Amino acid sequence: MGEHCESCVYVPPGLVDDISKQGVLRWEDPRGEHTVRLTYPILAPATVRAIQNRLRSAREEYLVPMTTQRIAGDCARAARLWCDPAFELRRKAEALLPVITGFSSEMVTRTLDSMMLGLTEESLMGMVCGELGCAEALDRFIYREGTAYRSMAMGPGLVTEVFSGNVPGLPVLSIICGLLTKSAVFGKCATGEPLFPALFARTLREIGSPLAHALAILYWEGGNEEIERAAFSGADAIIAYGGPEAIAGIRRGIPAETRFVPYGHKISFGVVSAARLTSATLSTLAKAAARDTAVFDQQGCLSPHAVFVQNGAEVPPKAFAEALGVELESLAHELPRGTLSQHEAIEMQNTRARALFSAIKGDSVTLFASEGNLQWTVIHDESGVFTPSCLNRVVRVVPFNTFEDLLTLVAPLRGFLQTVGCAVSRAESLELGLALGAMGATRFVPLGTMTDVTTDWHHDGRYNILDLVYWVDIVEECGADVSRGGENGDALSRVSANEGRCTR
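Residue numbering for the sequence shown follows this note's numbering, starting at 1183 and increasing by one per position.
If you're looking for bench data, these hints aren't it; they were derived computationally from the structure.
What you are looking at is a predicted structure, and each value in this text was computed from that prediction instead of being measured.
Do not take every clue at face value.
Claimed, not checked - Straight-line distance between alpha carbons at most 30 Å, and here's what the computed BS3-like set of lysine-lysine pairs gives:
| # | residue 1 | residue 2 |
| --- | --- | --- |
| 1 | Lys1500 | Lys1469 |
| 2 | Lys1203 | Lys1274 |
| 3 | Lys1448 | Lys1500 |
| 4 | Lys1543 | Lys1500 |
| 5 | Lys1469 | Lys1448 |
Working from the sequences, and respecting the hints, build out all of it.
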């Protein structure tokens, strides 16, 4: 049996070298052929404070003097290395992440490709410019057109980020956004996937980026109040990902003056209107829905729990459900579902059993499922109730008559809605955007692209950069000559020498 031991933390050199007590996280693949052991230092509150103080110092020395474009360029250069299948750290991730996360090797490879290919210097600078109005707003005071003042965006001194572990690689964009605001980043990796954040941080060190001095990735068991109190009280801002209980627990431990950016549990779904569903489009739309369902095995908030299919089309919803099963069967070979825990397998079997029992009773439920295994499950459900999925490629096809009926179906989940995968007309997409947007849905994309995100998306309807920064304004005296002498004049001269209109 092969065993691989790796550290799941990253800190600038010399910070935790004197900690002798180590913790270990351990995973074994279902066949018992491979074991992964990830080690981490057992932290004390004083150690957390020492690391955060070092990060603050490193921020002043390394981050603040860097231009935003240099920061974006270094992050993009690190991401570009991960696009190379021969890159050593990528090969390590591809070997270990399937054992740690349970995702198939094919899914891990696809995830790394899709996430890293989009992290280019151009896309990162476009995100900054799109949110702040100017790509240089974090570097210097910028003249605001049509106003009498100049402004500069400033990030927190230190951001503590609490990552989720449902999808590998997701923390990377959050780390990069913190660095783009010229904030030191203190990250806490998740038990579900504690490896990748540290590997990306090591990549920044390998390319010789100064960013590596202002970044730390640590691990501790959730619920350690002493460590969390130190981690949160020492931060100027906190970004947290997790379920309702985790987010509520973090919120309770945060000082009132600390900026908090939470990303909680969300639910997504697809919509297929009668105007789009024909015998000619059936296969294409079923493929699109299958792709959205299969990617990440529905573990991400962007994945659909159900596909709502409108009655009255040339093709009935039940035929769509059957076609969706055919496409999921095809994807089971191309992009296999990951390993199930015992609890997950039991939940899926129970879901199938309930659907079959309802079908026998004549409750207008039809079960389509992979034979001899739990690779995929499609339930055509006319019960008039939206039941969230148990995940792992279990998806319901729910018929509806009008968009008003659709709104009624999803109304119980108001506030928890996120992405809607749309196979509808343009006019219908605007109608749905207004109606479902008012219920909390924040993202409407073509069916088949629900799990594809770009750096400029508004995660849960929020900004990635703007939510972290604050603005500093210099209002100039009307008609004043900023080059004149005197204490105030000298200060304005110094500012004026480093400011100007945005060049990007």
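Hints, verified against the model:
This hinted pair checks out: Lys1500 and Lys1469 have alpha carbons roughly 15 Å apart, not beyond 30 Å. Under the criterion of a C-alpha separation no larger than 30 Å, the hint pairing Lys1203 with Lys1274 is consistent with the structure, at around 25 Å. For the given pair, Lys1448 sits about 27 Å from Lys1500 by alpha-carbon distance, which is consistent with the 30 Å threshold. Under the criterion of a C-alpha separation no larger than 30 Å, the hint pairing Lys1543 with Lys1500 is consistent with the structure, at around 18 Å.
For the hint linking Lys1469 to Lys1448, the alpha-carbon distance of about 24 Å falls within 30 Å, and the restraint holds.
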